[in-house]
Amino acid sequence: MRPRLADRLLGAGTAAAAAAAAAIVLLIAAFVLGESLPALREIGAARFFTDGGWHPTADGFNLAPMLLASLAVAVGATLLAAPVALLVALFCAACAPEWIANVVRRVVELLASIPSVVVGFFGLVALVPLIARLRPPGASLLAGVLVLALMILPTIALLAEASLRAVPRAQWVAAAALGIGRCGALRRVVIPGARRGLLGAIFLGLARALGETMAVLMVCGNDVRWPTDLFGPVRPLTANIALEMAYALGRHRSALFVSGLLLMAAVTVLVAASHARAAEPSRA
Amino acid sequence: MATPKGSGSDCAGRLKVLADPTRLAAVEMLMAGPRRVAELHAALDVDQSLLSHHLAVLREHGLVEAERAGKGVLYRLAAAVRLPPQAAAIDLGCCRLSFAAPPARAPVAARPRRARPRGRGAAGLLALAAGLLPVPGCGGEAAARTRLSVTGSSTVAPLVAEIARRFEALHPEARIDVQTGGSGRGIADVRSGVADLGMVSRALRPDESELAACTIAWDGIALIVHATNPVAEPTRAQVAAVYRGEARDWSRLGAPAGPITVVSKAEGRSTLELFLDHFGLAAGAIRADIVIGDNAQGIKIVAGNPRAIGYVSIGAAAVEIAHGAPIRMLPFDGVDPSLAAVRDATFPIRRPLVLVSRGAPEGVARSFVAFAASEAADDLIEAQSFAPPDRRAPATR
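In the order they appear, the protein sequences are chains A and B. For the first sequence, position 264 matches number 264 in my numbering, and the numbering has no gaps at all. For the second sequence, position 277 matches number 277 in my numbering, and the numbering has no gaps at all.
Just so you know, not all the hints are guaranteed correct.
[To be verified] Have a look at the derived ranges for each label pair, beta carbon to beta carbon:
no., chain 1, residue 1, chain 2, residue 2, range
1, B, 60, A, 125, 49 to 57 Å
2, B, 206, A, 27, 41 to 49 Å
3, A, 46, B, 228, 47 to 55 Å
4, A, 125, B, 390, 51 to 59 Å
5, A, 271, B, 227, 46 to 54 Å
6, B, 227, A, 192, 40 to 48 Å
7, A, 38, B, 246, 58 to 66 Å
8, B, 173, A, 271, 35 to 43 Å
9, A, 44, B, 206, 31 to 39 Å
10, B, 283, A, 107, 41 to 49 Å
11, A, 183, B, 228, 52 to 60 Å
12, B, 210, A, 111, 51 to 59 Å
13, B, 252, A, 91, 37 to 45 Å
14, B, 173, A, 111, 51 to 59 Å
These are computed hints drawn from the structure, not numbers from a lab. Ideal Cβ placement from N, Cα and C applies to all residues, glycine included.
Model the full assembly from the supplied sequences, consistent with the hints where possible.
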């Protein structure tokens, strides 16, 4: 029997939307690649990692310090935010009475919806002067890590909580029936069950931290140097693009698209890694 | 007598009051937006006292409103008669007075070429062709051409966009398209003919001398420090040493000891180029702690760090200082930075904001350049924290 009209429409409609979403990603990737080609051809891919420094108007195109700065800021923020976020998620999903969990969830959602420019502004006028009092100049890797941690904490917490809640109720009940305490049930049953979702939450937070632009632009100092000093300034790749794109011409502009390409590659590797990790056997 | 809407007698009174070339021309100018008396006087060929009288009459009949603005008086159309600028008309209650653009322009604004009443019952539509206003400055009268594309410096673009809005309101047939992309792109686009006009935020170089340039405003750059920083005027060599990373401590500049936080601008900004030029530094030689994109960010950083030094646009700094930002501009060559010092060239670190064209501009480009370089743009220039050029125009007040 032929499927009903409504069902066929649903199938076609969702397929079209999915195709559009995929096509947009491909289009953006193709565009960035196309815009970077002149630089890659004229300058050569190797020089983006071996040049003496980033002086695009004086023929220096080394992106490596900025790539490392991006990774350092994002990984640092994730290391700081993930444990707290997971504890918040556990609290909401397993420990707190329902009404308190609801309040906490609303507050965390509110934190997630603060625009990054506002967080960056807070960092610039509150955090940076504070760090400057400890050790100047204040705008630093540390400031970037702290601000980003603040921004990805709600992302990780909300996603982690959702995945904890997705563990079937029956498993909680079964654990209780076996006489396992709340702590034991979490450790042995719920967390292993939600492993995939928890890892996904952390990697999504990391990806968001890598891609965040406005806040890091405002607090990181943006001087191009290797991220060796927690109190020293760094320039992540996103900040590099935002800072220079409006004024860049010719090769300089094309080199900035190479920054974008590099960033996309880093995020792609991350997403692939998170899938690989999540695909490992999580339950016996 | 049947009146469709509004008060009939009031409407007739207003029409009567408007039956004067100077008043019509003034109303037409005000349709584009508020104007100062000085601007109206510069554009209309009448004695100042006579103009004041006309404006007073218009005010009494509720056609215009006056407001004190700084040194002068700002006139605008009364809310009751105002229509959106693109309508090129005013609403008198019983009828609308429409100023349609004529195919050819009258030489003097205050003398409308033809008034053509188009009867439509009691509420007649009065279509009136009034001439455009000649402006003093770089150009003069222009022939008809409607589209104008302007590209270039993002420092100049917001100003030119504002001027273009005002120009379009006065010349409804003109469409001005402003795009940014840096001074270099402005010059490249004008050379290749892609754009009619280029915006450039520096003086033209010798190899660009084939382009015609008209300075519409000036911008200056000053060193800023925190308000509590007692440092006196640094020498050129000291500033260069700080930005080369050779002097890392305030004691080298005669201030209480402490590490200097060096704030510089991102590569590609013309502020950076001007700064490098002035202090004889190479782009790769700068050792900064913080690299910023725009002035506001630099001011925030210096305001939050008592040991920081940076350089920003004087206008932007002056505005922030007026709003209480704890920063201080350092004097240079014995001159305190101010927009006035930039304007009369006593402050040395300054740059012209320029409109360039391939050869002398023609058509709409010519009248637009003339408009941008005239007093009509002064309030817009000041609103963007730049200094209007020294025009030595005949004093109007």
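Now the hints, each set against the structure:
{"no.": "1", "hint": "B:60 / A:125: 49 to 57 Å", "in the structure": "holds, 51 Å"}
{"no.": "2", "hint": "B:206 / A:27: 41 to 49 Å", "in the structure": "holds, 44 Å"}
{"no.": "3", "hint": "A:46 / B:228: 47 to 55 Å", "in the structure": "holds, 49 Å"}
{"no.": "4", "hint": "A:125 / B:390: 51 to 59 Å", "in the structure": "violated, 38 Å"}
{"no.": "5", "hint": "A:271 / B:227: 46 to 54 Å", "in the structure": "holds, 48 Å"}
{"no.": "6", "hint": "B:227 / A:192: 40 to 48 Å", "in the structure": "violated, 59 Å"}
{"no.": "7", "hint": "A:38 / B:246: 58 to 66 Å", "in the structure": "violated, 37 Å"}
{"no.": "8", "hint": "B:173 / A:271: 35 to 43 Å", "in the structure": "violated, 54 Å"}
{"no.": "9", "hint": "A:44 / B:206: 31 to 39 Å", "in the structure": "holds, 33 Å"}
{"no.": "10", "hint": "B:283 / A:107: 41 to 49 Å", "in the structure": "holds, 47 Å"}
{"no.": "11", "hint": "A:183 / B:228: 52 to 60 Å", "in the structure": "holds, 54 Å"}
{"no.": "12", "hint": "B:210 / A:111: 51 to 59 Å", "in the structure": "holds, 58 Å"}
{"no.": "13", "hint": "B:252 / A:91: 37 to 45 Å", "in the structure": "violated, 54 Å"}
{"no.": "14", "hint": "B:173 / A:111: 51 to 59 Å", "in the structure": "holds, 52 Å"}
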